[in-house]
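Residue numbers (my numbering), protein chains in the order written: chain A, 1263 to 1448; chain B, -14 to 157.
Please note that a few of the clues may not be correct.
Listed next, the in silico SDA-like pairs over lysine to any residue satisfying Cα-Cα at most 20 Å (straight line) [said to hold, decoys possible]:
1) B/K76 / A/H1369
2) A/K1335 / B/D65
3) B/K9 / B/Q95
Taking CB as the label site, the calculated pair distances span [stated by the list, open to error]:
4) B/N38 / A/G1351: 54 to 60 Å
5) A/K1335 / B/Y153: 31 to 37 Å
6) A/E1393 / B/D39: 39 to 45 Å
Rather than coming from a laboratory, the hints here were simulated on the basis of the structure. Even for Gly, the Cβ is constructed at its ideal location relative to N, Cα and C.
Chain by chain, the residues:
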Amino acid sequence: MVIFMGIPFESNSTYYTDSQNQAFLEIVNPFSNMSLYAIQIIYPVLPTIDGTEYDENPTFEVSDFLVWAKAFKEHLEEEDSFLYPMFNGMKQIATSVIHYGLIRNEHQWRQLVSLYMAHYLEILITAMKDEGNHVSLNAYNKDKDNHLEMAIGNITFEEFKSTIYGRMFWHLYQPFGKFAFWGVTI
Amino acid sequence: MAIPTYDKLTLPLSDGDMTYNKEKHRYVLDLDYAVYETGLADLIEEISIDGTNDNALWLMDLVSHVCYEYIRSFKDSRFDKRLTYYLAHSKSMRNAIKKLMVDTLVYTNQEGGLFTGYVTGINLQEAKNITTMKLETVVSMVGKQIILNYGLGEREFRYDFDVDMENYEVTW
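Please model the entire structure based on the sequences and the hints provided.
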């Protein structure tokens, strides 16, 4: 695309820009040197990414999870372990929520999936313990149960910061995550 | 789903250490084993009135009753049947119960122990006077640790296992 503003002329100079907006701002400013330039915008300048390369997730097994969340080892030793169904459920969700195409590094992707899963499994265990007797049919013991609420690490559950795994996850995923939620096609 | 094979008892095991009471569905310490394990050589004579070991047998049953109720106190009522089944069919839980009952017997023989705890709410080993009576006073602090180490203090079971509710307490 060639844009003429002011007195049109062409030159061999090439002006690289991060975005079209930046170029347009320069162009509409009558005191800018660029208002006199003939501009050829070549976009995008980056090579086209092979869209199929990261379509398929790497494998993810219990052993991958235990690398980053060893505290869960004893709860996942048997397929009849109480945590196993939750592990499988969370695995399905986590491997699709954490886009491999966004991370593009097998090891880091496994780490993020593990931390994401560990965060929710910790919360599920807390819920299962039912220390506040919310799910119990026993009579509510006011002295004992009143202060027990769904608080983890002194922060009520509302964000990833409520567990240590969630904190680690969010610290690492934040730079990737901000691109994942705004409709950028990867 | 089942208790893992390495931990599973097909039927409750009665041996020289403990006998399974099929009516009350709990293990009870064998008297000779209890005397040997606790070192309380005069246990039978101490509480006997008529020279028989009837009172000592009653004490074994009471210790079993107290320990089982203490273990039950950690679980919610909805798990009660599963817990009874689990305690009867798990090797490691059998060991835990045995240890707990032996420890409770030792504790009982210390200046009143279990009985003092039963009626006053004082745990002698923790040396604290509890104004409201709580079940924890009838078991020593070692007993509490046994409970925690064996996972009996957990609200949920570590394994998902099936209990034949149709024949509950009938075949075992």
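Exercise. Of the hints given before, which are not true for this structure?
Worked result: 1, 2 and 3
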